[in-house]
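Trainee: For reference, the chains in residue letters:
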Amino acid sequence: MNQPLPNSLRSSPDARGRFGGFGGRYVAETLMPLILEVERAYDSARADPAFLAEWRRLLTHYVGRPSPLWFAERLTHALGGAKVYFKRDELNHTGAHKINAVLGQILLAKRMGKTRIIAETGAGQHGVATATACALMDLPCVVYMGATDVERQQPNVFRMRLLGAEVVPVSSGAATLKDAMNEALRDWVANVRDTYYCIGTVAGPHPYPRMVRDFQSVIGEEVRWQMEQAEGRLPDVLVAAIGGGSNAMGLFHPFLDDASVRMIGVEAGGHGVESGRHAASLTGGRPGVLHGNRTYLLQDEHGQILEAHSISAGLDYPGIGPEHAWLHEIGRVEYVSATDEEALEAFRRCSRLEGIIPALEPAHALAHVMKIAPALPKDTLIVMNLCGRGDKDIFTVARHLGVSL
Amino acid sequence: MSRIAARFAALRAEGRGALIPFIEAGDPDADTSLALLRGLPAAGADLIEIGVPFTDPMADGPTIQRSGQRALKAGATLGRTLGMVRAFREPDDATPIVLMGYFNPILSYGVERFCADAAASGVDGLIVVDLPPEEAEELAAPARANGLDLIRLIAPTTDDSRLPRVLEGTSGFLYHVAITGITGTRSATAADLAANVARIRRFTALPVAIGFGIKTPAQAAEAVRIADAAVVASSLIETLAAHLDPEGRATPGLVPAVLGQVSALAEAVRAARRG
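Chains R and V, in that order, give the protein sequences. Numbering-wise, this note's numbering puts 39 at position 39 of the first sequence, and it's gapless, one number per residue. Numbering-wise, this note's numbering puts 9 at position 9 of the second sequence, and it's gapless, one number per residue.
Calculated directly from the structure, the hints in this document are not laboratory data. Computed from a predicted model, the values in this text were never measured in an experiment. Heads up, the beta-carbon is just placed ideally off N, CA and C, and yes, glycines get one too. A hint or two may mislead.
Output of the computed footprint for chain V on chain R, the stretches with three or more beta carbons under 8 Å from beta carbons of chain V [stated by the list, open to error]: (1) 22-29; (2) 180-189; (3) 298-311.
Next comes chain R alone, as it looks inside the complex (with noise of 0.2 Å):
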């Protein structure tokens, strides 16, 4: 157990920020120069014992981390088999783990002397910590949000709007979350000099998908002395849902060298792979460029780009980070697919057995672990991240079980 392999895969991206033939800087000349800056001022700022102290600060004291490692005693005796915990980040400030990297975004913006935010948004989480963490440090900020979802997440629309933060509406394509994105890059492009763009997820153009990993990396950072204190030793598997995979680079990242620990990224299944309406770009897409990055995509045979369908705003988009792309190649990860249905019941289950409404996002990820479990020994421990709450998605399922609210 805990063999460490060869070589570390933790030392990935490269000086062009390739996780081996992924990732990179696909971006206008105009935005160039400023990837290059923002690149400059990261090596800087994670190199300075203050910015990173400060970061932790904020992390304790108003994110409430450590968020719990928690024991699903009751759905572990409903499963059978593993035992099963739910990494607690649902419980962070905000309601999800976006705020993790968020925080250290912004702080690394202010570091900048940017004075403006902007962000994309799918399920509107990122969007409300980026919102949240700009109301608290008194920046002007823009969410970019598909028009399709600002429909299906009224609750977190106003919940940014509260915060002070403008949501922009984006109605271009299918209007969700890769349209979002687009328009956020055309503000960017714009903008160049005076603001700062937060994204989301492990995705875009280097140094993005390393930075917002070694941000998120506290989860699995905390997940590893939380397992050690609780069971004396590292968790055997690790599962998390993907979007565009930043809870589960996050949860995964901290053990990519322990070979004994098995993991797996669920992505949106849709109404499943094989109906073509779903948004598993590993299962279903194939290597290509947009947003920055080189990564799997979901494309047609002309290299369009196609449309995303998940029930989950978070998880509706055609790409993934890079880095996942990477280690679904050298097969370090296992990547599976989760469907609507699936997530629906895990998301049913969840809140019956445990007493927590999780987010649609990790009931995609619960739904595999319910697959698993049963079959696995009673001593293999499980990991489940929990990385945000379903306040936010109780009109969805609604519309979806028939119920009028």
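Please build the complex by placing chain V on the supplied structure of chain R, with the hints as guidance.
Mentor: Chain V alone, transformed into the frame defined by chain R:
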């Protein structure tokens, strides 16, 4: 000598700047788009830029976004764009054609195969918006091997320390993005343009084209007084869009309206340096 170099040499001998109109391949349909392309040289286009439709054009404003969506809906692909250039080349072997687009359709087509097919179809140069010099080597070698000019974008944010890097391996001409922003939005001031073009000229002898924000004949004339060429895109696409019926189909007035606008721009460009 390549068509691009030959054309700029001829224009220099004439003592005038170039007009480079932009059309999106396949907008609003393949036949209309080809008719426009074929009419451009007679209307006064010195070089032609053809946009390759992409679902996620991150550097483009609403006008060109919608143009690309119309083209995709009508079945445009990178392969059909090359077919359109082949059809244009049958009668016209002199007017340079530059394709402008995003990297993913090229990657999907196959970079090597694309460069070979593009050159064989009569394409002269490539502008790939989301391929900065840091990522360009994958395309640069096959482009060079097939005699295609790789035309780089130079933005107001491209500072003097970065310019040499951007210029390395560039050929044909340089495309100065006049504003920090997306297509079809703001326009740069003449003073900013003059300062930026002078700055670029300190580093290169290649012709400099100005694009982004040039809409009117007066702006085009101003651009060629400062630089070697003016690219006009969104305002032509707006004229095209104004000549669609409610179902988005071309009306008979579309081609004459767009070509008429090109003629007016060309006239202004040709008169710009006289008197």
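Trainee: Which of the listed hints are not met by the structure?
Mentor: none
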